[in-house]
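Undergrad: For this one, chain A is given, so just place chains B, C and D on it according to the hints.
Number of protein chains: 4
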Amino acid sequence: MQTQILERMESEVRTYSRSFPVVFTKAQGARLTAEDGKQYIDFLAGAGTLNYGHNNPKIKQALLDYLASDGIVHGLDMWTEAKRDYLEALEEVILKPRGLDYKVHLPGPTGTNAVEAAIRLARVATGRHNIISFTNGFHGVTMGALATTGNRKFREATGGIPTQGAAFLPFDGYMGEAVDTLDYFEKLLGDNSSGLDLPAAVIVETVQGEGGINPAGLDWLKRLEKICREHQILLIVDDIQAGCGRTGKFFSFEHAGITPDIVTNSKSLSGYGLPFAHVLMRPELDKWKPGQYNGTFRGFSLAMVTAAAALRTYWSDDKLERDVQRKGRIVAERFQQLADYLGEKGITASERGRGLMRALDVGSGERADKITAEAFQRGLVIETSGHDGQAVKCLCPLTIGDEDLLEALDILEASVKAVF
Amino acid sequence: MQTQILERMESEVRTYSRSFPVVFTKAQGARLTAEDGKQYIDFLAGAGTLNYGHNNPKIKQALLDYLASDGIVHGLDMWTEAKRDYLEALEEVILKPRGLDYKVHLPGPTGTNAVEAAIRLARVATGRHNIISFTNGFHGVTMGALATTGNRKFREATGGIPTQGAAFLPFDGYMGEAVDTLDYFEKLLGDNSSGLDLPAAVIVETVQGEGGINPAGLDWLKRLEKICREHQILLIVDDIQAGCGRTGKFFSFEHAGITPDIVTNSKSLSGYGLPFAHVLMRPELDKWKPGQYNGTFRGFSLAMVTAAAALRTYWSDDKLERDVQRKGRIVAERFQQLADYLGEKGITASERGRGLMRALDVGSGERADKITAEAFQRGLVIETSGHDGQAVKCLCPLTIGDEDLLEALDILEASVKAVF
Amino acid sequence: MQTQILERMESEVRTYSRSFPVVFTKAQGARLTAEDGKQYIDFLAGAGTLNYGHNNPKIKQALLDYLASDGIVHGLDMWTEAKRDYLEALEEVILKPRGLDYKVHLPGPTGTNAVEAAIRLARVATGRHNIISFTNGFHGVTMGALATTGNRKFREATGGIPTQGAAFLPFDGYMGEAVDTLDYFEKLLGDNSSGLDLPAAVIVETVQGEGGINPAGLDWLKRLEKICREHQILLIVDDIQAGCGRTGKFFSFEHAGITPDIVTNSKSLSGYGLPFAHVLMRPELDKWKPGQYNGTFRGFSLAMVTAAAALRTYWSDDKLERDVQRKGRIVAERFQQLADYLGEKGITASERGRGLMRALDVGSGERADKITAEAFQRGLVIETSGHDGQAVKCLCPLTIGDEDLLEALDILEASVKAVF
Amino acid sequence: MQTQILERMESEVRTYSRSFPVVFTKAQGARLTAEDGKQYIDFLAGAGTLNYGHNNPKIKQALLDYLASDGIVHGLDMWTEAKRDYLEALEEVILKPRGLDYKVHLPGPTGTNAVEAAIRLARVATGRHNIISFTNGFHGVTMGALATTGNRKFREATGGIPTQGAAFLPFDGYMGEAVDTLDYFEKLLGDNSSGLDLPAAVIVETVQGEGGINPAGLDWLKRLEKICREHQILLIVDDIQAGCGRTGKFFSFEHAGITPDIVTNSKSLSGYGLPFAHVLMRPELDKWKPGQYNGTFRGFSLAMVTAAAALRTYWSDDKLERDVQRKGRIVAERFQQLADYLGEKGITASERGRGLMRALDVGSGERADKITAEAFQRGLVIETSGHDGQAVKCLCPLTIGDEDLLEALDILEASVKAVF
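Protein chains in written order, with this note's numbering: chain A, 1 to 420; chain B, 1 to 420; chain C, 1 to 420; chain D, 1 to 420.
With the rest of the complex left out, here is chain A (with noise of 0.2 angstroms):
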């Protein structure tokens, strides 16, 4: 394995390579292989890039045809085939069958930059500049975005600016279970020296991805819901890590019953691992003067294209909804079952999640990491988040074989009992 070249001319920021450091070259489905030809199931899968596999063969030949055809690559944000493709498998198969009126904004093809379109589109339409975020949320790294991203990794790497425009708040959760986070939300609202300026929106992952797969409640998203529309606050669903499905349904939102007035999605929404990101927002909302927010890969062809062919194929009817909720249910007691393992061995441990998004915790990053690595030596990508990486995080493929399922929770138990 030649890996010289990438050691020394790649910047030291480099990441994922230090965890899992071979050389991939090929790929199919829930599995990667490596060079010298040994294959790992995938269990981080691009983040939650992956949620159709690597290299799905039904969005591939939507990606061959159009490049067969010599359709439009690269066209800056004119109207081509590829987007008005994209516009109607959205409205139909998405949008319309959920009862949802949104505009569609195509900034760049990254998350960061979906956050980043979605927070200024907010200050723009309600006249007021500040975000509302949450602890442990996760919303991106440019600097706008940053300033609602919590870990502070990437807030002291800004050469010391201090991010503006945004503050935190506890998450569902985040006081215990006797507190309801809320009640401080609306306590600070309703206080005139209470140090919150009133907020322009609040932006929030229903299931924390990078935060350690923290699933806020229902009822409490319901409740967010309600005092934003009583302080005429609008409510931003950042779901870029837990949409697509990723929850057991298309929008993570759905489960609560709530409606967004912003909504983001990018990593699966490509469905093949292209960048892409769209915002969506209520029509009344679309507040932006032409060209007021530009990119050059606004709008990328190619994902467009990918992206109606994965909508279309796996959202015309609920089979992967109720596929996801199944393999959901197996992921969550094989973790239960190693909580229980654990606690037995002392370790205080517990699973948590939301459909195919979920997370053994146990309880220090540096345990969770002893179990990832021994996992990558069986054959199994998987890593951890968190504030200090202790959640080891499911994010398999949804479209995974059950056999690759069962193997890969086979290796996961094995290598935390090698460990513990």
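Don't take every hint at face value.
Any copy will do: because identical chains look the same in the list, a pair fits if it lies in one copy or spans two.
Claimed, not checked - Taking lysine-lysine pairs in the DSSO-like style, the calculated list, with each CA pair at most 27 angstroms apart, reads:
1. Lys26 <-> Lys58
2. Lys417 <-> Lys345
3. Lys187 <-> Lys370
4. Lys26 <-> Lys60
5. Lys289 <-> Lys370
6. Lys289 <-> Lys187
7. Lys103 <-> Lys153
8. Lys187 <-> Lys222
9. Lys417 <-> Lys38
10. Lys153 <-> Lys289
Hints are computed from structural coordinates only; laboratory data are not their basis.
TA: Relative to chain A, chains B, C and D alone:
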């Protein structure tokens, strides 16, 4: 032509579909085809993203091969064959022959992301916060990059939040021929109460793109480099639009014989219109700690595949360079003739640029819009830039055939003469 | 009473002249005299600036003597007899007996200036930027201090610019009796993705003044000090309103037995209503370089003369302390009776405070305003505070005679009973 | 001379006591007396705070009378006789005769507070955030004002936080005689991608004080006013140092025949060295809501008493104006002779200024320090200013007697000749 859904669902922020209100379906080389079969020669080329033309066959083959082999499409920043191959091509074809020693940071696949990473690194590496940008500079619209972008259109769409951490200075020529604007910069630096915080970095386009195709003088650039060295200021060349051969050299700064500390590339870097960006930095500046700057689509594999193919195809010898310079002279000559023609009609006009990054400045956006609208009717996609949109802009594919080039210039000439 | 010129020429920003629309001409001790000869007992006392009463004769004599001698009135921060004498009095009468070792910074003569200097020093000394403030905290309105002040009234009058460099946490009791708000602070500190940038300092009022006379529990303050020590966070006690004896000790933090790293004093520090402020800091924190923080009126000589006289007159023994505590009990008892009375009338009311910094909370600003308006008619100047103005506030001179005190309390009682 | 306690207890931030390391005890007119009895002529005069000299007997009497009568010393912003009398004097003696119609805001009693209030009002009144300041401008050090202050010494002492909401432009003459720096301002304003956010206001000193006694040309000021009017930019003249007669007119902008929208005064406004400041504004700009900007010492009564006395004593006729102009010519002539002398010694030097705000620029701070140190030994307190401290500065009392003036100039001459 069915455009209702496009008009109904896409945000009002859309812009190019207003100038070119047709649905494009196919493209090849320098030609776009609309749904009604009408062909257009493309003098916009993705705002400089399609230097090798639409669906360039040599690059396309590499992409199709990679897709066929089920190579890794998305792997966060793991090691892949595609990344290794890209780094090898970059080193062998580009850096070594030019005597450049840079490390590579692969941030999110957009220009603004590369700029955010570059200026943040400059702050971390120097312990200073101030970034110098220039009048009419454009470096992206996420909040960190926006601080260095001059356009009020974007700056006023932040919802009232002032950008922070940057200061603007006059670009070369901004104060007329009699003033060397770097005299002002040097005076500010040497003056302890000038109001200029000692800069971490200067970020500069050697030929300003969105600002109106303004080439900085080569001596001015040399002096800028010298001033930076003397004051421990990092020199960042934002080569997102002017790089990848646009000016007749791979890096636009080669003309001036300077060596930036940090370089940003994007747009044509992938060679096929795929989202991609990198930051090059002197190795000793690589102060990043693992994972301090992240993003889901950092190091987009398909783009690395096409980028490597583009580099090897077009930059292993100096053919393209010479061809760009030759065609640049043709465009310059024709633009000068048009400027002369307009002068005879009493309209002050001029041509300027470097390589195939050229403008015909007609003095007002109103005039320029009339010309480009007429040209579109006649089959030429061409746009304006500059603070008032006063510069009709040639950003055609570098690989455009002479026939297409001359036809496009004929259309432009006819358009100018039809309008004035 | 001639008020036209006052109404015509003074900015609409004026506020107390709206509550008390008479022209005051003279004052002595706890009594103000208006132009028409009517006398008022002063329970506002310059919002805590006149702890020793109006025109206190002992302090006045020192001032007159100094003026008569043509001592230095204004000398920037040059050395003067007045400054030396002030530092001697401060050290001998206040610091040494309390075992405190502080250096003294004499910034501009206002509280907000002292706060700006304190938080800037904390940033310079720690290399961190974040300042923790608390809900309902008030620390001044210049932009640096405003970041730590909770009132929307001021925060919304910045012309839309967000303040920066501070974060708000819940003050003691803010989330109800069941929640120790410092649990939340500790959790945020220990959580790497909480969104809380590691603080340079905490700034706290031990009894919040403008926020509604909210005393922090003494155990809460002790724990706050402990948390700060454990995380290398500087503890700033803003003792501008609660200091100088107001709570029954010279420094309000003496009750809790804590030792702040930095202390700000102003308001009653001069003892005569003259503008004056200082910042006390542990000697090792004095990281200022010469002249890094300046201001024309730093170290106002006349104020240092009166301050030294006030310290020597009132703080050489514990008489005043004991007297304040005694009178505080009287006020507390009478306020409690009024709360009980209101309770019987179906109005939830309560009393709270420390020493002679006390409030009768009547639940709403509307009610409180009725009471204070009535009291003014009956000869008592008294104001409200709190986020809704719901707290009728006793800030009478500490030196008020028992007769005046009781008469004022009688007026207040009559006013309450007249209104409800 | 006992200085231990001063050296031990006062923060290292102290500065003037380093240049003049004696303890001053008394002062009268233009003369300071140190503890050892040595007298010094005062060419610093509180950095322009003592325009009427130390302990001016006419003003002193008003102060003593008010103190004797037990007038209100501190009343927040309540109505007092002192305030009414001050407003009357201001209107009758100053505003009416000059045809000026301003409302008065009495913020905290310091210059920086007045600047904070002025720029905040400009933002509120215009809905824009950007404030234009000029190279070498000084407007105070609290965070809001600091954004407009050019000195790195202060700007670098924020603990790394960048200031926000202001941009610097070159002051008159900054780019040499050939460049009218307002051409640059106008170009930036008219250019939509210049990077200059449309300003709420320009803040300018007509003669820069701390920046080195730099007088703006009168035509430049007129053009600046015109540009502001044309672009709906408010013109703020910061007349804190140059106002109150220092330049030979009460307001320094009278020379140019311009009418600022907002004026700040402080320093000599009280006439006796007492902390005091006001903001004057065109009545229609008074967008303050009650209480939106506050501060404990706003409208300091004693200062209003002395200020009224000073205005009536010195500004009821034009005697002082003419006298300042006459003495200014004397100083100018002597400074020019010194500049010529230095020129003969091969040292490039020059004189500049307006009225009694004058500088002898000796080209470097090192040289200037030698001269002022020598002068201090010989009995003259005189300081330097400018970005390098290169300008030996005359800010003597306007009321200085000719004998003292000439003696001081003789000392300065002897000092220059002793050193060079």
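Undergrad: Now, for every hint given, state plainly whether the structure supports it.
TA: Taking the hints in turn, this is what the structure says about them:
no.	hint	in the structure
1	Lys26 <-> Lys58	both (17 angstroms within a copy, 22 angstroms between copies)
2	Lys417 <-> Lys345	within (10 angstroms within a copy, 68 angstroms between copies)
3	Lys187 <-> Lys370	between (43 angstroms within a copy, 25 angstroms between copies)
4	Lys26 <-> Lys60	both (14 angstroms within a copy, 19 angstroms between copies)
5	Lys289 <-> Lys370	between (52 angstroms within a copy, 21 angstroms between copies)
6	Lys289 <-> Lys187	between (36 angstroms within a copy, 25 angstroms between copies)
7	Lys103 <-> Lys153	between (35 angstroms within a copy, 22 angstroms between copies)
8	Lys187 <-> Lys222	both (17 angstroms within a copy, 26 angstroms between copies)
9	Lys417 <-> Lys38	within (23 angstroms within a copy, 66 angstroms between copies)
10	Lys153 <-> Lys289	between (35 angstroms within a copy, 9 angstroms between copies)
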